[in-house]
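> As they're listed, the protein sequences go chains B and V.
Going by the working numbering, the first residue of the first sequence is number 22, and it counts up by one from there.
Going by the working numbering, the first residue of the second sequence is number 695, and it counts up by one from there.
No lab work stands behind these hints: they were computed from the structure.
Here the structure is a predicted model, which is why all the values come from computation and not from measurement.
Some hints could be false.
[To be verified] What follows is a set of in silico ranges between Cβ atoms, one per label pair, in the way DEER data are often shown:
1. N975/V / M371/B: 43 to 51 Å
2. V61/B / S1001/V: 39 to 47 Å
3. T1025/V / D208/B: 52 to 60 Å
4. K196/B / L1020/V: 50 to 58 Å
5. D191/B / E933/V: 16 to 24 Å
6. R787/V / G47/B: 57 to 65 Å
7. S256/B / T1031/V: 51 to 59 Å
8. T993/V / D208/B: 48 to 56 Å
9. L853/V / V61/B: 55 to 63 Å
[Said to hold, decoys possible] No more than 20 Å apart at the CA atoms, straight line, and that leaves these computed lysine to aspartate or glutamate pairs for EDC-like:
10. K932/V / E303/B
11. K196/B / E295/B
12. K1070/V / E888/V
13. K269/B / D1004/V
14. K58/B / E303/B
All C-beta atoms in this analysis are idealised placements derived from N, C-alpha and C, irrespective of residue type, glycine included.
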Amino acid sequence: MEPMPKWADLVLVPVVGLVLAFIVSGLMIIATGHDPKEAVKLMVEGSVGSTYAWGFTLYYATNFIFTGLAVAVAFHAAMFNIGGEGQAALGGLGVALVCLFIPWPHWTLALLGATAAGAAFGALWATLPAWLQARRGSHIVITTIMFNFIAAALLNYVLVNVLRPAGAMDPATAKFPEATHLPALSDWLNAIGIPFAARTPANVTLFIALIACVLVYLLIWRTRLGFEIRSLGKSEPAAVYGGISPVKIIMISMMLSGGLAGLMAINNVMGEAERLVLNSVEGAGFIGIAVALMGRSHPIGILFAALLFGALYQGGAELGLWTQIPRELVIVIQALVILFTGALDQMIRMFVGKLFAMRRKAEV
Amino acid sequence: MDFLTIIQILDSTVRLATPLLLACLAGLFSERAGIFDIGLEGKMLAAAFASASVAYLATPGWGSLAVWAGLLAGIFASVLLSLLHGLASITFRGNQLISGVAINFLASGLTVLIGLSVFRLGGRTPALTDGGRFESVSLPFSGALGDIPLFGPIYVELLSGHTILVYVAMLFVPLSWFVLFRTRFGLRLRAVGENPAAVDTAGISVVRLRYTAVILCGVLCGIAGAYLATGLAAGFVKEMSAGRGFIALAALIFAKWRPVQALGATLLFGLLEAISNRYPNIDLPASVLIVVLVVLAATLLFAGRKSKLDLSVLGGVAAILMAIALWIITTTGIGGTSTLPSQFMQALPYILTVIILAGFVGKAIPPRAGGQPYVKER
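Please work from the sequences and hints to get the whole structure.
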């Protein structure tokens, strides 16, 4: 393959993929008889045009940062964790239990407790697939898919038969007590004089997501464990030769991954819904795959990709609200992003590589 | 439970197993050729939508042929997605799993997007009328033979009265076996999934074989999807594949990538679905449940005795099982009856697959070159 500069590999290739995904989506909007210009305008205004819109975009982005980081950490160990959906759902169960049954005096303490519980439940849900991969060689992709379905059934059972308050109709827990309610982002921003629309779901969990980005960066590139994770991901025989235990690293990286996915619950369950409902994850676990691919498994890339998908998600909701274009358009865009930046990555790489080769030839 | 109830449950087992069987055989061809396919779900969904739409639109003009036009449209849609999967995973040597994920989302989004813009019914297609659906076929003499005890009801209720696609799916089982294990093409297809370099050395095109397998997979998934929308139901509903593609994948592993066993596995999963449809809650004596849980926990501890890691993971699962047992004892008592929740029945296919994957009940070994793109040496 033709060599290309590192920046092209890291930035240009995903951006070309993204542009292709958008072009194809635009063609689909035209094909279904709508005006793509109008759609883009509405989506941009609806997602970043006002602080109200940002309040939703940042909320969705927070979810996607967690699930994106989750997929990325596993990717570094060459594990493909499709189980973010189930792990986040279990994280939600952990957060709900902690919020409902421990009388917290203040939200800061509740947040600490919920963080621990969400991460622990998510990590535990990833443990069994991790162990099956590490010790029994069962493919992690299949087992995590299976665990998504098992998680859905489990949550369904728990919400309908155990945690539903007596007399309530919908399968959901009771409302969490007042002391566990997290401050909205608008509360903090307004307090320091920045006007920000109230009644938006963005909350302080955003800062935890940013801290998680930094911690994941430090872990993967600045610690011995991170080195071991990356070594195993690059070449298992080389890692084994270097004295790294694949079993240990697979277990640790998958549990970290599950824990990160579980952390999402403090945003959507504790921060927004303030109770646990059925299907609370709403596909964020899968969007994490697109985010991690787009962001090249690097926290900075993931941050931008999560913002992009947050805006897409919010913009898509606006589209569904004001036009005939359904919000499922976002699923199509998400699919195309996964396709072009993930599966057809090689195609774009070959294309970009050829461009660079042509330029070099022209210079000579 | 009387004889007729059993027959009725088995009858719905056959109906529910058919889409699973077709999708499972689809996955069989693809994975035997070394192309992992977690996009079965998406292809089924796309096919279901295409077949229902075309069958509905063709009903006024084509009459009873409309359903066949629908079937062809379903196969076409599914093969199109298969070719996309082939392009990504064979030609451009991309990650097959990621491509499969993309295809699932593409189908899930596009079916609603197109469905809304064509029919404006919130993502559904209009209900199909007579010409747009597969009619049930009565096997010969089903009127005359119905009175014979035992055999009569089995013949009339269970074997007769399905749509043609059910019988087609059943025929595909021996046919797949024959193609895969008794023809030159089958031998090569299996070889390309185990050791593509050897096939290449023999002067046979790896790319062409794999594309053929992927297209076959698309055709079978297309029939599965068409059956969902025009056989089992009367029209397309949003997300109507409802995880069946993944259950088919589970059945494929359960069957260890063999056609006849695939029939067994899909019938088993169909039976589970039929039972949970008919009896949402199953009552069992609590004592039986407790004994099962304790035995399972003990087995897990025994299996994990050799290493600390195994013991802690399996011990954790065992502890959860024991906690459930304790909970049953305290809430219903040993003498009482406890109810198996319907959610457990729904999760059972997935749980069984995980157990099979764990290799405790015979190891499931996938084709050796599965998931790896083939790079010819230069």
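> Confirm or reject each hint.
Hint check:
no.	hint	in the structure
1	N975/V / M371/B: 43 to 51 Å	violated (56 Å)
2	V61/B / S1001/V: 39 to 47 Å	violated (56 Å)
3	T1025/V / D208/B: 52 to 60 Å	violated (43 Å)
4	K196/B / L1020/V: 50 to 58 Å	violated (30 Å)
5	D191/B / E933/V: 16 to 24 Å	holds (20 Å)
6	R787/V / G47/B: 57 to 65 Å	violated (28 Å)
7	S256/B / T1031/V: 51 to 59 Å	holds (56 Å)
8	T993/V / D208/B: 48 to 56 Å	holds (53 Å)
9	L853/V / V61/B: 55 to 63 Å	holds (57 Å)
10	K932/V / E303/B	holds (16 Å)
11	K196/B / E295/B	holds (6 Å)
12	K1070/V / E888/V	holds (15 Å)
13	K269/B / D1004/V	holds (12 Å)
14	K58/B / E303/B	violated (28 Å)
Hints 1, 2, 3, 4, 6 and 14, counting from the list given before, are not met by this structure.
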